[in-house]
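Engineer: Here is what each chain is made of, one letter per residue.
6 protein chains.
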Amino acid sequence: MPQSEASQKARVLIEALPYFRQFRTQTMVIKIGGSIMDDEAMLRLLVKDVLLMHWTGIKPVLVHGGGKHITQLMARLDMKAEFVEGLRVTDKETMDVTQMVLSGLINKDIVSMIQREGGRAVGVSGRDGNLIRAKKMVKPGVDIGQVGEITAIDTGLLETLDGSGFIPVVSPIGGDGDGVSLNINADTAATEIAVALKAEKLIFITDGNGVLSDLRDPDSVISRIRPEDAPALEAKGLVSKGMIPKIRSSIEALSRGIRSVHIIGGKIPNALLLELFTEAGIGTQFIP
Amino acid sequence: MPQSEASQKARVLIEALPYFRQFRTQTMVIKIGGSIMDDEAMLRLLVKDVLLMHWTGIKPVLVHGGGKHITQLMARLDMKAEFVEGLRVTDKETMDVTQMVLSGLINKDIVSMIQREGGRAVGVSGRDGNLIRAKKMVKPGVDIGQVGEITAIDTGLLETLDGSGFIPVVSPIGGDGDGVSLNINADTAATEIAVALKAEKLIFITDGNGVLSDLRDPDSVISRIRPEDAPALEAKGLVSKGMIPKIRSSIEALSRGIRSVHIIGGKIPNALLLELFTEAGIGTQFIP
Amino acid sequence: MPQSEASQKARVLIEALPYFRQFRTQTMVIKIGGSIMDDEAMLRLLVKDVLLMHWTGIKPVLVHGGGKHITQLMARLDMKAEFVEGLRVTDKETMDVTQMVLSGLINKDIVSMIQREGGRAVGVSGRDGNLIRAKKMVKPGVDIGQVGEITAIDTGLLETLDGSGFIPVVSPIGGDGDGVSLNINADTAATEIAVALKAEKLIFITDGNGVLSDLRDPDSVISRIRPEDAPALEAKGLVSKGMIPKIRSSIEALSRGIRSVHIIGGKIPNALLLELFTEAGIGTQFIP
Amino acid sequence: MPQSEASQKARVLIEALPYFRQFRTQTMVIKIGGSIMDDEAMLRLLVKDVLLMHWTGIKPVLVHGGGKHITQLMARLDMKAEFVEGLRVTDKETMDVTQMVLSGLINKDIVSMIQREGGRAVGVSGRDGNLIRAKKMVKPGVDIGQVGEITAIDTGLLETLDGSGFIPVVSPIGGDGDGVSLNINADTAATEIAVALKAEKLIFITDGNGVLSDLRDPDSVISRIRPEDAPALEAKGLVSKGMIPKIRSSIEALSRGIRSVHIIGGKIPNALLLELFTEAGIGTQFIP
Amino acid sequence: MPQSEASQKARVLIEALPYFRQFRTQTMVIKIGGSIMDDEAMLRLLVKDVLLMHWTGIKPVLVHGGGKHITQLMARLDMKAEFVEGLRVTDKETMDVTQMVLSGLINKDIVSMIQREGGRAVGVSGRDGNLIRAKKMVKPGVDIGQVGEITAIDTGLLETLDGSGFIPVVSPIGGDGDGVSLNINADTAATEIAVALKAEKLIFITDGNGVLSDLRDPDSVISRIRPEDAPALEAKGLVSKGMIPKIRSSIEALSRGIRSVHIIGGKIPNALLLELFTEAGIGTQFIP
Amino acid sequence: MPQSEASQKARVLIEALPYFRQFRTQTMVIKIGGSIMDDEAMLRLLVKDVLLMHWTGIKPVLVHGGGKHITQLMARLDMKAEFVEGLRVTDKETMDVTQMVLSGLINKDIVSMIQREGGRAVGVSGRDGNLIRAKKMVKPGVDIGQVGEITAIDTGLLETLDGSGFIPVVSPIGGDGDGVSLNINADTAATEIAVALKAEKLIFITDGNGVLSDLRDPDSVISRIRPEDAPALEAKGLVSKGMIPKIRSSIEALSRGIRSVHIIGGKIPNALLLELFTEAGIGTQFIP
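Residue numbers (this note's numbering), protein chains in the order written: chain A, 516 to 803; chain B, 516 to 803; chain C, 516 to 803; chain D, 516 to 803; chain E, 516 to 803; chain F, 516 to 803.
No wet-lab data here; the hints were simulated from the structure.
The reader is advised that the hints may include incorrect statements.
Since the list gives no way to pick one copy over another, a pair counts as held whenever it fits inside one copy or between any two copies.
Said to hold, decoys possible - Here are the simulated lysine to any residue pairs, SDA-like style, with alpha carbons at most 25 Å apart: (1) Lys-583 <-> Glu-715; (2) Lys-583 <-> Ser-764; (3) Lys-654 <-> Ser-679; (4) Lys-651 <-> Leu-602.
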């Protein structure tokens, strides 16, 4: 390695120093979503970012989704996926498929990847240790089945795992206390867990790169959004329709004690590190 | 409640006193197998037994199988189950089904049942926390796929969970350290975990009632077997063919430090309590 | 043991499960009084009940009396027992006899019985570790000698013993801080210790079976009494005269934070277990 | 206070400095015997010495006798004291008297004195916490009743009390594990407890001033005796007959790990401090 | 040693008993000033006093000055010492000399003396562990250079050292957070450290013997001064001019939570012990 | 920041991941020497490297020299520096200067720099906490004064500081136990401290860049030297004369348990990070 290249490396590490110092011992909840879960190479990069966080003293908690894989298995089983207002209608059989895919496959694949890269991880669902307590969501005029809204988070299990050096990986299944599993929106699960853990950061890894100021330009990411900026953004039609609920829930998370919420693009290599350890970041950060 | 009945109840509790005292703080590994997993009422009874153990200070660890459910899902997916020497030939797709059924469904159903009865449980697979490290089993002349034999048990996760009052429930999936999942025989997993934990007891819950002295009489259970009794039993043809490997592995477990191994019938209500808390027991106990 | 009998045993244990769970880690103060202390067989049964409590995680503290034995030794020493309003007039010599009998004999016999049955116990008097601080009781017009009323309880010693797995057995002798011993009513000592320890239950073991609704019928035990019931009971003359102070002090104990007070009959085998681990109980329970 | 007197005081404290440093955290077992127990003023002085030890970080454990008081109570009860080879023949009734006097009175009086002077003490007998396990002593041709020889010391209770800042005071009663109390020689009890606790010092407080070189001169105390000196002392008839067993057992204690054994006179004010905190000491010290 | 002398020694120790008990676990900050630092024999005596405190459970913290030595080294370096209102004008070079003398020499000599007498000590300056944070003192019309006033005390380092059995010795140098050292008045440093540590006592060791009632009589020490006495003392001209600020700051320290402030004479052998462990004391004690 | 630059930064961090993981919790002793101590900018860079180590979980211990500054102060004081075999002849006055410069100035400047960059540091000399025990070095025929060779290292203080998150900075002054300070070679002090702490790495920061294969080419640094390579290097005259003792002592350190010894150039920015966190390193590493 030429001297100059080496020096540059050292400089990068030194630039990260204030971040290492600041983030040390902070809890950060990371929602992994989108196509990153289909791309082993991208997932591996993400996991490396998570491990760098872990080894510099940050306490990461991962929450994952997996809707696409659920739909795929349902198709193979000749089951029809049905949605009401974006919520998957979840009969008993669909619930089984959901649990099998999320807790049996995706969850363990993330765990396995972390361990291949040298970490120690434990995959749990929200039913384990009563982590996510939920109740059946009621929609007027339609029964959407075993879809749940969260009523309580018991952080005991996450704290136990973290205290022993394990990185927790959570699949968003809740329990109603009577043995019924409930399908929970992964973004919501991540948010509620972050609030319950009094996490410093809540980070959504998505297929997009963040909130855009120009919907046609994927590079027009808005770096920082404060709660007071949101109405204007929505009013100007500057944000995509799908992004509106994400913006609203991010702002709500801030009001519930999370210090900052991030939306970053999973397709960008090392997105997590870039967002955390560089001044500019690469996605959208919501701050109070 | 008439006085006499009440007194009798008290007497039963008092008779259990020496067992409470003796078992307190002991680790016991319980392999749950057979049709008990299809019968919610029976499973509930078993779980109550486990909780009684837990609340009197015993540290139970559960390991479960689930071959029948795997075969069922494979059938629904038009996959053909194939066996070599009793081992399921496990290609990548079969492995996925195995993991989904074991870690995604059965494991969480047991966890859920424990929590409905008031306990706190956490379901993990052998991949979590590097619990079960395995390597691909090699059979001469035939590739049986992702079937593993255990190379190491890391008890860290189990001790972490137990130390925080969670009952661990383990699905028998191993990892090879390179991200490949391996299908592990549940009996073997339970035995290796018991040995690694230096458990006092290893208990197999099966469809039969124990080792029989007369194959035609299901009540002819042999209460106690010592290592030196085994050859005669085998020689006399007194034990069923399927039972021979179980007897051998039980005796081997004794030689590796387990104080006693039990084979009991899951169909008998409260089989676990009867075996542990009564003098005669109801199944077969192997002691050194 | 026939199958049916065994099953019944298991069923009893399982029925006790919610109690095991509920009582776990609770402190219960048990006043042992009456003729049970003259009957080794009955005492042994009681001690077994206490040990079952101990081994299922309850923290029992025993307080005992012993008036009859004091009177007996005084008679042998040609001393005359004299009482004023039910209080033993206690000169220096009577105090010595009281201490010798309570702390030297009865206390150690209970300790010894617990240890014979497999527990670990430590007998202390209220003078040890400044457990019971008291002052001389003043009666107008008469000097009743070294009879004390409690001014403070120091729970440090009891917590130390309990924290190391010892069952404390307390003889009701107080100290005035200047080296003078004081004779304390055992019921009062038990109550004050229970309040100071924030005990969940305070249990009086007596010769009677509880509060009766018909004084002529020893089986007419009133199962539950709430504070508001007491005046009517007293007014109707339904309770024996001797029981009135016990009822009043039980109700007062409730108002000072004890969750329930029990009066049960020491002559009933396993009275303690029956009261604690069966729905109906066998004595009288005071609840707020 | 004149300046010179004050300075002298300071000098004394400073001279004690190396002892404070050396003895800090050491365990010392002190056998209190002889007439000191009849003399409240002397006992108070002794207790102050013990508290000074305690507050400078030494861990004292007291063991007391009380033969004279036992004989007195027996006389009052018209019981006849009988001795065989210096051992009190102990029938059931004598055992009761022994326990009442030792554990009920003398033990608590010492506890009380410690607490009056500002310490915290707990009086226990050897039956508490299975502290002294013993078996019936067998003498050929004569039944001496409940006289015991020690078979085991369980130091758990003493360590629990010491760990919480209580000074333990032990009465020398043993238990045989079946509920039978046994009368134990107090010197032996102190020695065995010292050995079990790996105490640095074992100190006997007696009516004499130590081992004398001239039996007629009470001031002719031999300051230091090494094991090799003992035969000559005995041979020359220089030591009193009663002292010979004490010398022998002191030397045996050294061989079992006690660093030094002291015999000092209880009638000398502050004997304990003088022996511990002055170069010359005032009694006899046995060192290896 | 004659018996009578020995007894007297023991009596002195016993008289110290209530002090040992009272002071145990208390923190005491001791400012060492004046000519004691030039007199190795006197310093050794003082250190022995400190060690006696330490070994009886007191937690001493030493703060030292050293102005005379600074002036001496400056003279050797042909530097001129200049003072404004009693404050040394401290240019960069003077600051270097100050640090070298205080932290490099005097501090380590005190540490070394403690260790020679058997203790364990660690010498630190106020810059270590951010112990003393200060800002440049501003005097109108004149630049006195690197003279600081304390803005914050971080007790973390002192607690760490004390928790591991080290006696901290502090040289009064502060830091401004930007790498600039500041010269701090040692009396002020001791006071602020005492307040931050919530010390029970703050003790100034000076060349005088305390506050005098007659300036011409060095033995006319006023034993106790309460805040309300101060104005009269000052008004009557009874105290030396140099003593006035010391009286005022002592009284202020009381108002900030220190239980008592002492001014004692370093030339009196064992002054510290005499002040602490005798009723009359030998210096002046300020109490609220 | 352009995307590509950001990505490169992330890549550097990720490349450091295995090092973060590997070095976590390791102790590394760093000897700071040479002209770096005269160059605040370089020292700041070095301190940043040390803090990065600290915040990624490494436990650094710094040891510094300072000969040049000693000589400078001696010159100002008209003292003559004299050397025998490279050892400074150290009379009492020279020792004072040595201590003042090392412990009073240089040590505190390093501490201060660490704290300005956000860390917490504590500067100690080898006399504090008996860290470096030494004896006077004896040279035949010449008295070199207070020059010491190390006889023992007490790591207690370093462990105390590290356990509370302070970075220790050590000046190489030893004590002989009788209050005499001894001048210790800083390289030797670093080596002995590393051995006593069972450090993984011992790192010398020097003015040169490492061991050169061509004395005329400062870039001809030999990356790795194994013990068996050393004789050839010396024989070929490939290494400078001054480097020979450094090579020998490095190899000796390996034989005493240090896993690797590094000699790196202090003038290279971020030399420490480059050596630790890049494959090639930039100095010379000695490995067994």
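Engineer: Hints numbered earlier in the text: which of these fail when held up against the supplied structure?
Structural biologist: 1, 3
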